[in-house]
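Undergrad: Position chain B relative to chain A; hints supplied.
Residue numbers (this note's numbering), protein chains in the order written: chain A, 1 to 194; chain B, 1001 to 1355.
Hints listed in this document are in silico derivations from the structure and should not be mistaken for laboratory results. Yeah, the Cβ is synthetic: ideal placement off N, Cα and C, and Gly gets one too. Just to be clear, a hint being listed does not mean it is correct.
A few chain B residues that don't get close to chain A, going by computed Cβ distances all over 12 Å [claimed, not checked]:
1) W1070
2) R1113
3) R1118
4) V1167
5) G1183
6) T1191
7) A1197
8) G1200
9) K1211
10) S1228
11) P1263
12) E1341
Stretches of chain B that chain A covers, calculated by requiring three or more beta carbons in the stretch to come under 8 Å of a beta carbon on chain A [said to hold, decoys possible]:
13) 1291-1297
14) 1321-1332
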Amino acid sequence: MMTSRTVLGASFIALAAAFVPAAARVTASSEQAPAYTPSVEHGAYMVNTKGCHDCHTPWVMGPKGPEPDMTRALTGHPSDLELPAPPELPPGPWAWVAAATNTAFAGPWGVSFTANLTPDTETGLGDWTEEMFIRTMRTGLHQGKGRPVLPPMPWSVYGQLTDNDLKDLFAYLRSLKPVRNRVPAPVDPGEMPR
Amino acid sequence: MGHRRHFAVIVLVAAVAVAGTTWRRAIAASPDAPPPVAPDSLMDTGLYAADRPGVVDPRNRPFSPQYPLWTDGASKARWIYLPPGTAIDTTDVNEWDFPVGTKLWKEFGFRGRAVETRWLWRATRDQWVFASYVWNADGTAAVKAPDDGVPGAARIAPGRFHDIPSVHQCRACHVSDRTQVLGFNALQLSTDRDPNAIHGEPLQPGMTSLKTLNDEGLLQPARPALVSNPPRIIARSAGERAVLGYLAGNCGACHNRKGDLAPLGLFWKHGEVATAGADTARAMIGHETKWQVPGVPEGESVLVDAVSPQNSALLRRMTSRFPASQMPPLGTVVRDQDALEAVARWIASQRDASR
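Isolated chain A (complex conformation) (with noise of 0.2 Å):
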């Protein structure tokens, strides 16, 4: 026979059950899932294969033409290259011109120039967090809420990737060596001195 006890600890277990462990069974589930453990060589080719070093490793003439100067690779505009004013467009469908480097560009916007994408801590990307990097290429912006991601970067292109394609492409970037190059902040249109 049910005593009044009885019934008292088989209610409290009861509603013990029913509020008290969702917490723990909600950290319980989320420990169950994996935490993702990105690849750097999944990130090396997605950088292979997605144009990156088209305007983030300095292009130079070769004997088959212009082709990317690896040993400068993903580590932007030259900060020793000092470029004159950019020359003005006539009225008329051309919109932009690039340097012969294909990491420095004027249009309407203003100048930009390619980004050092080797984790050096103070011109490159050594203080991004995987979190920045992500949200950049969602937002267009830099670092996440800065100013724009100025033209031709195609961040809407990259931001269409999923989350771990994205982590595996940061974790090959934070793989390189760091190196030191400062590229020059973007310039507004009609700054750049003449």
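TA: Okay, now just chain B, sitting in the frame of chain A:
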């Protein structure tokens, strides 16, 4: 008799257990549950009364921050809904924690026409839903904008258009704060309104304020001190107070001690500006910036140059609407002339004071 009583208790316990399970599911989304999504129509978000289209449901409380965000001169209306029986957790008076089920709406209008209504909904403990609804031309319906936003949603000046931001862009500002709600905090809702607030709107009768929230028991713990001694920016002049309020409302979401931009050393979050206004203002003068002011020798750019105000990065970036230099970096394509003049006057006063 005894069996009947035991049976009744068991039934009661079972009922409570079922209710508890339901409640638990409501506040903590199961990992397997589909993520909450915004409805396709604004009319289904709960903004309007069910039986009176176009009439805001009286359960949604209108409010008006005293230092509004500049959105190219848009007219704005805002409402908040707090589920019955809930309250805002104000344990940290500067980081309000809103109850699950909280909803906020913000309507943007240009030239007398509603263009979009943004919606923020705390669907679960861990999930805030962001959406924007685009109004049709005759203002009779608003449908959910694509997650990528809507460029050129309204013409606001020659060659300038209002863009509806993407969800990711919304999060760029709103995730800078733990609460993810901007413009609804102690300083913004203070009853000690700044009469010189830039684009400040008067507190209309019936609007929610710190006092109404506290009086209605919607702050937990209660904060009577915020009513008897409402937050106010302590500044050295009325102009400085207004400028600091403007920075809190327009810049503090990103420029604060907790966000990614903390290393820049610009701390304009509402709570800090309110309590340390004069110190905040003093720290801005001569503060070195990484951003290179055109015409200033490299490495010598400062946020506020009291000697040569025109070389202040703050003014230059607020003036610019070029992507490389404008501030704020998103949400505006037209400079805020009133704010520029107020900031210029304040900088000039610093120059005069330093003579």
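Undergrad: Each hint needs a verdict: does it hold in this structure or not?
TA: Status of the hints after comparison with the structure:
1. Chain A leaves B/W1070 outside its interface by the beta-carbon criterion, the shortest separation being 17 Å against a cut-off of 12 Å.
2. Every CB of chain A lies more than 12 Å from the CB of B/R1113, the least distance being 27 Å, so the non-interface label holds.
3. With a cut of 12 Å on Cβ distances, B/R1118 stays outside the contact zone with chain A, its closest approach being about 16 Å.
4. Its beta-carbon lying about 9 Å from the closest one in chain A, B/V1167 breaks the requirement of being farther than 12 Å from that chain.
5. At roughly 17 Å, the least C-beta separation between B/G1183 and chain A is larger than 12 Å, which holds for a residue marked as non-interface.
6. At the 12 Å boundary, the C-beta of B/T1191 stays outside the reach of chain A, the nearest C-beta of that chain being 32 Å off.
7. Here B/A1197 stays apart from chain A, with its beta-carbon at least about 25 Å from theirs, past the 12 Å limit.
8. Every Cβ of chain A is farther than 12 Å from the Cβ of B/G1200; the closest lies at roughly 26 Å, confirming the non-interface assignment.
9. Chain A leaves B/K1211 outside its interface by the beta-carbon criterion, the shortest separation being 34 Å against a cut-off of 12 Å.
10. Every CB of chain A is more than 12 Å from the CB of B/S1228 (nearest about 37 Å), matching its label as outside the interface.
11. Here B/P1263 does not stay apart from chain A, with its beta-carbon only about 8 Å from theirs, under the 12 Å limit.
12. No Cβ of chain A approaches the Cβ of B/E1341 within 12 Å, the least distance being about 22 Å, so the stated non-interface status holds.
13. Counting residues of the segment 1291-1297 of chain B whose beta carbon lies closer than 8 Å to any beta carbon of chain A gives 3, which reaches the threshold of three, so the coverage claim holds.
14. With 7 residues carrying a beta carbon less than 8 Å from a beta carbon of chain A, the segment 1321-1332 of chain B meets the three-residue requirement, and the given coverage holds.
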